[in-house]
Each structure stands twice: as C-alpha cells, then as structure tokens.
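If you're matching them up, the sequences are chains A and B in order. Under this note's numbering, the first residue of the first sequence carries the number 72, and numbering increases by one thereafter. Under this note's numbering, the first residue of the second sequence carries the number 8, and numbering increases by one thereafter.
Hints were generated in silico from the structure; no laboratory data involved. Quick caveat: nothing in here was measured; it's all calculated off a predicted structure. Ideal Cβ placement from N, Cα and C applies to all residues, glycine included. Among the hints, erroneous ones may be present.
With beta-carbon atoms standing in for the labels, derived distance ranges [said to hold, decoys possible]:
no. : chain 1 : residue 1 : chain 2 : residue 2 : range
1   : B       : THR113    : A       : SER435    : 29 to 35 Å
2   : B       : ALA119    : A       : GLU290    : 47 to 53 Å
3   : A       : SER300    : B       : GLU109    : 27 to 33 Å
4   : A       : ASN318    : B       : THR113    : 26 to 32 Å
5   : B       : ALA119    : A       : ASN259    : 21 to 27 Å
6   : A       : ILE236    : B       : LYS100    : 34 to 40 Å
7   : B       : ALA43     : A       : SER300    : 35 to 41 Å
8   : B       : VAL99     : A       : GLU206    : 46 to 52 Å
9   : B       : GLY121    : A       : ARG324    : 33 to 39 Å
10  : B       : ALA43     : A       : VAL316    : 29 to 35 Å
11  : B       : SER40     : A       : SER300    : 45 to 51 Å
Quick list of in silico lysine to aspartate or glutamate cross-link-like pairs, DMTMM-like style, CA-CA up to 25 Å [to be verified]:
no. : chain 1 : residue 1 : chain 2 : residue 2
12  : B       : LYS59     : B       : ASP122
13  : A       : LYS326    : B       : GLU89
14  : A       : LYS327    : A       : GLU115
15  : A       : LYS327    : B       : GLU109
16  : B       : LYS100    : A       : GLU461
17  : B       : LYS100    : A       : GLU290
18  : B       : LYS59     : B       : GLU109
19  : B       : LYS139    : A       : GLU290
20  : B       : LYS59     : B       : GLU89
21  : B       : LYS59     : B       : GLU106
22  : A       : LYS327    : A       : GLU290
Which residues of chain B face chain A? A partial, calculated answer using Cβ under 7 Å [to be verified]:
no. : residue
23  : ASP73
24  : ILE75
25  : GLY93
In case you want the letters, here they are:
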Amino acid sequence: MSRRVAAVRLLSIAALTAAAACSDSTTPSGAGALPVLNAVQVPEQAVLARTVPGFGGFFFDEGVPTVYLTDVAQRGAVARALGISTGTLQVRSARYAYRQLDTWFQRVSYEAFEIPGVVFADLDEAHNVVLVGVEHRAAAASVRGLAARLGLPAQAFAVREVEPISYMATLRDQVRPVVAGLQINFSNFLCSIGFNATSGGQASFVTASHCTDRQGGVEGTQYFQSLASQANSFIGTEVADPDYVRNSPGCPRGKKCRLSDAARAAYATGVSNAFAIASTSGPNNGSLTITGTFSVTGKGTAAVGATVNKIGRTTGWTQGRVSQTCVTTGVLGSNVALICQTFVDAGVGGGDSGSDVFALSGSSATLLGVLWGGNSAGTLFVYSPMSGIEAELGTLTVN
Amino acid sequence: MWKSGGAALCGAALLACGAMSDAPTFTAAVPRSVRAGDPVPVTLRLTNPGTKPVDLYLTGRTVTFDVIVARADGAIVWRRLEGATGQQIIQVKTLAPGEVFELRATWNAAAAPGDYTVQGVLPTDGEALRTKAVPLRITAAR
Chain A
72 MSRRVAAVRL LSIAALTAAA ACSDSTTPSG AGALPVLNAV QVPEQAVLAR
122 TVPGFGGFFF DEGVPTVYLT DVAQRGAVAR ALGISTGTLQ VRSARYAYRQ
172 LDTWFQRVSY EAFEIPGVVF ADLDEAHNVV LVGVEHRAAA ASVRGLAARL
222 GLPAQAFAVR EVEPISYMAT LRDQVRPVVA GLQINFSNFL CSIGFNATSG
272 GQASFVTASH CTDRQGGVEG TQYFQSLASQ ANSFIGTEVA DPDYVRNSPG
322 CPRGKKCRLS DAARAAYATG VSNAFAIAST SGPNNGSLTI TGTFSVTGKG
372 TAAVGATVNK IGRTTGWTQG RVSQTCVTTG VLGSNVALIC QTFVDAGVGG
422 GDSGSDVFAL SGSSATLLGV LWGGNSAGTL FVYSPMSGIE AELGTLTVN
Chain B
8 MWKSGGAALC GAALLACGAM SDAPTFTAAV PRSVRAGDPV PVTLRLTNPG
58 TKPVDLYLTG RTVTFDVIVA RADGAIVWRR LEGATGQQII QVKTLAPGEV
108 FELRATWNAA AAPGDYTVQG VLPTDGEALR TKAVPLRITA AR
C-alpha cells in the first residue's frame, strides 16, 4: 500500500523572495517588510515535528515561510530550526499536531486505496489536514465513511475531486483514442499511424503500404497498437492496398509503380479513435512523450520551401522544409518506384514509416501525406502526397 | 586471407542484453588484399554468443545496412547506401543463442591502389551498430 508518498518533503528554495505582506495576529512584528530567504534548505516535516513541540506543518504561503503550531509560543523554536529570524516567519494556529495527523494519514493511506476511484492520500501540511483525492463523488462518500470509521475528526480530514494520475505516455505506448503518430505493430514489424479517415462510412486509419504483410494487394494485415503482446491492443485490419503495376504513366522501365506508399485499415469495432495527431513538446527535440494533440482540419499540398512536420514513433516530431516535389523515387532493395513524391529536409528513423506529414497553424494540422522513406543519414524524409493517396485509396474524410 | 574486427553491443537496439560477455558482436570481414577493379566481397556478421535470445530492432523489410570504404586519411570512397531511399519500417529480429546473422555486399574496388578500411553499419531504431573498421589493401590492376 502507499506509504507516506506525499507527507515527507524536502524543500529546496533558491533565492526565494517573499512578496506577501501579512496582517494577522500571529504575523511577526516585522510584517510589512518583505522577508528574503536565500538558498534555504528546509528540514523535512517529520524532523520539525520531532524538534518543535506542537508543530503542525510548514509551507510557503505566497513566498512567506509559514508554520502551523498548536502552541504559537513555539515560533522561536521553529525559526531556530529553519535558521531564519522570527520576523520572517508567519504563524498559523493549528488544530492538530503534525505527528497526530501523520498517525491518521498512515491509517487512511493504508486502507483508502482499496476504494475504487481513490487517486492520492496526503498529509496536507499547507492546510493541517489529511487530504484524499478522489475521481468521483461515490469515492468521496466511501472515503468519508472510512475516515469516520478510523476515528478522524471531521476537521482533520478533507476530500477533493481530482483528475486521475497516469504515467506520461509516449508515441510507443498504448494510447486511446487512437490518433496519428502512434506506434503500430503487425507481424514482426513496427510502423506509425499516418492519419485517421472515414472511407465509405468505414472508420479507418492510413499507414504505409509497405507496413502491411505484403506491399501491394490486400491480405488482411492485422494491426495492434502499440504491440500485439499487450492486452486489448488489436485495432484493425488492412482493407485497401492497391497493387504496384508496371508501365503506368511515369513508371520507369523495369519498375513497378504507384503514386503512394499508402494503405488503409478498417478500425475494429469499439476501438476509439479521433481525427487528431499526437503531439510532443516541440519539433526536432527528440522527445517521444505525448503532451497533447493537434486537430486535423483538412488536406493540403506543400511547395518547395514550405515548412512541414511529421510525428512518428521513432524520431517523434520533426520539422523541416520541402526540398523537392513530384520526385520519381526508387526504393532501396526493391523493384518499386513511387511517382511524384515529396522530399523534406527533416529527421527520420526506422519505424517512422506511415507517419503523418502535415502543415501546422496553431494547434490545427493540415494533412499533407504519409511518410514512407528516408536517407541513410536520417536527415531527409520522403512522403506520398495526399493527392496520390486519394487517387489510389479513394476520397478520405479526415476531419 | 580474411580479417575481421568486431565490437560488443549492448544498447537501444537490443530488447534484452545480458552481461557484456554475452552481448552480441557485430563484425566485418573482407579479403586482406584485392586488385583494383576486382569485386570485394564484404560480409557482416551479427552474432549472439549468449545463452538467451536477443531481439534486434532493425530497419527495412529487407534489413538495411551500410558499408563504408574509406582511405587511410578517412576520406570515404564508397558507401553502399549513398543516395538511396530506404523504407523506414522496423523489423524486430530475434537472434537465438549462438545464431549468426549475415549480411553480404560486394564493392567493385574502383579505387587507386593503396590502403583502405571497410566498416559495416546497421541502422536500428536507436544508435546504429558499427563494426570496427577492417583494413583492405588494393593493389595495381593486372
């Protein structure tokens, strides 16, 4: 069970300037002057509780060092323990001593997490209470009942409805709703999701054609997000991936060609998805941690010199300028050529295949295409523009 | 008449990596000497000497790898992937205990007689794996 997660804190304050003036009766005589603490290393609450009789908690109130005391006459003892003058210390009258609150906190914390919806338990030194965070009212009622059963006075206890706390997800984690930029897995391969789309009323996602069991042709590739080994990770099945053909307009001799390295998969029933792109903290910083989403607002094209973006599971969010458009591009190790592709001077890595490529305006993204290739240095990526994708997969609704 | 150089691996490219003594090795092998214009067979070997399987995150449906031939002063005279556009897909390949995964390429020794080095590079979803550079002498054509 959780143990003193929030009750023991060590505060390090560098060049702290207090900005609040104090006026209550327990305010030091020097109130009005702004106390300045430089590089104060505040002892742990538990240490103060052992050394100061009646100590009820220490915190900074708008920058002012503030202590709860059941006996306000102990102001001097606190100041000595903190290594500051009594004139800089604000004192509040405490109902309960820290050690008493800690005893209650231990009891509550030990049992509270058996109640569905409990998020955290805290000895709240800034309010001289035991605080429990819950997701919903039902949990709050149960927690109040628990506190009463454990003998906590009503004024020693508080409940707050809060958002649940989860691990920070990355582009490689299982994320729902499914959005563009996330890792997908099929067979023993990893790629990224290009974008979500509706086609003929079918909720779908688009990724690279070579991110199917066989590049070109539909063989019902099954996709998982983010790994097949995870529970509830199956998200959909390949439904469209036109064949690569010889002698099509613009196709080089000896090559099989298409206008796009793109395929469409239909979402499985019940898999939540959204017309959005997972975003990280910024372009070209290497972060894979998801910090939000970009809304997909439409489709577009990019000319040479335009700044474009991609977000994929390996190199995250990269951004650069279009260097070439409508390039007939041979694919290393194959007899495939892709017609009318776009080159971008931006980072790429293995696993980014299938990624969304988009232009950004605020938090609104205009889809430009699907990334499929790159150079060996990882400094240039190649994508299939939306025009080629829709010429081969049909019209796609993307927002 | 073969020479090889290797490096122990243990990093982002590996899902599991045991003690360093069990870490996979990546080596390059080329003939010690060839005549100018003759084909140079290059063999890269990724070996799992350990007792546990190792998963590798490699790039490409057909595994992408580079071979770099450089002069003694470091100037590159040939790269297998120069100007190539590769698919950016990851292939998770499991190397069983004792398994050796070989990658082969051929370079026509289109260079002046002299001493060169050959290095293999294996892109992964993390840092690329690199062999030690092994020497290659090119002698005058027949």
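* CA of B:LYS59 to CA of B:GLU106, is that 25 Å or under? -> Since the Cα atoms of B:LYS59 and B:GLU106 sit roughly 11 Å apart, the hinted pair holds (cutoff 25 Å).
* Starting from the hint 29 to 35 Å, judge whether the C-beta atoms of B:THR113 and A:SER435 obey it. => 50 Å, violated
* Asked: Does B:LYS100 pair with A:GLU290 here, judged by a C-alpha cut-off of 25 Å?
  -> 22 Å, holds
* To do: Please verify that hint: B:ASP73, Cβ, nearest Cβ of chain A, below 7 Å or not.
  => Holds, about 6 Å.
* To do: Please work out if A:LYS327 and A:GLU115 have their alpha carbons no farther apart than 25 Å.
  => 70 Å, violated
* Is A:LYS326 within 25 Å of B:GLU89, Cα to Cα? -> Between A:LYS326 and B:GLU89 the Cα gap is close to 20 Å, so the pair holds against 25 Å.
* To do: Assess, step by step, whether the Cα of B:LYS59 is no farther than 25 Å from the Cα of B:GLU89, and give holds or violated.
  => 35 Å, violated
* To do: Would you mind confirming whether the straight-line C-alpha gap from B:LYS59 to B:GLU109 stays at or under 25 Å?
  => 19 Å, holds
* Asked: Do the Cβ positions of B:SER40 and A:SER300 conform to the proposed distance bound of 45 to 51 Å?
  -> 49 Å, holds
* Asked: If you check the beta carbons of B:ALA119 and A:ASN259, does the distance land in 21 to 27 Å?
  -> Distance hint for B:ALA119, A:ASN259 is violated at roughly 44 Å.
* **35 to 41 Å as the expected CB spacing between A:SER300 and B:ALA43, which holds or is violated** => 52 Å, violated
* Verify the proposed pairing of A:LYS327 with A:GLU290, using a straight-line Cα cut of 25 Å. => Cα-Cα ~19 Å, so holds.
The earlier numbered hints that this structure contradicts are 1, 5, 7, 8, 10, 12, 14, 15, 16, 19, 20 and 24.
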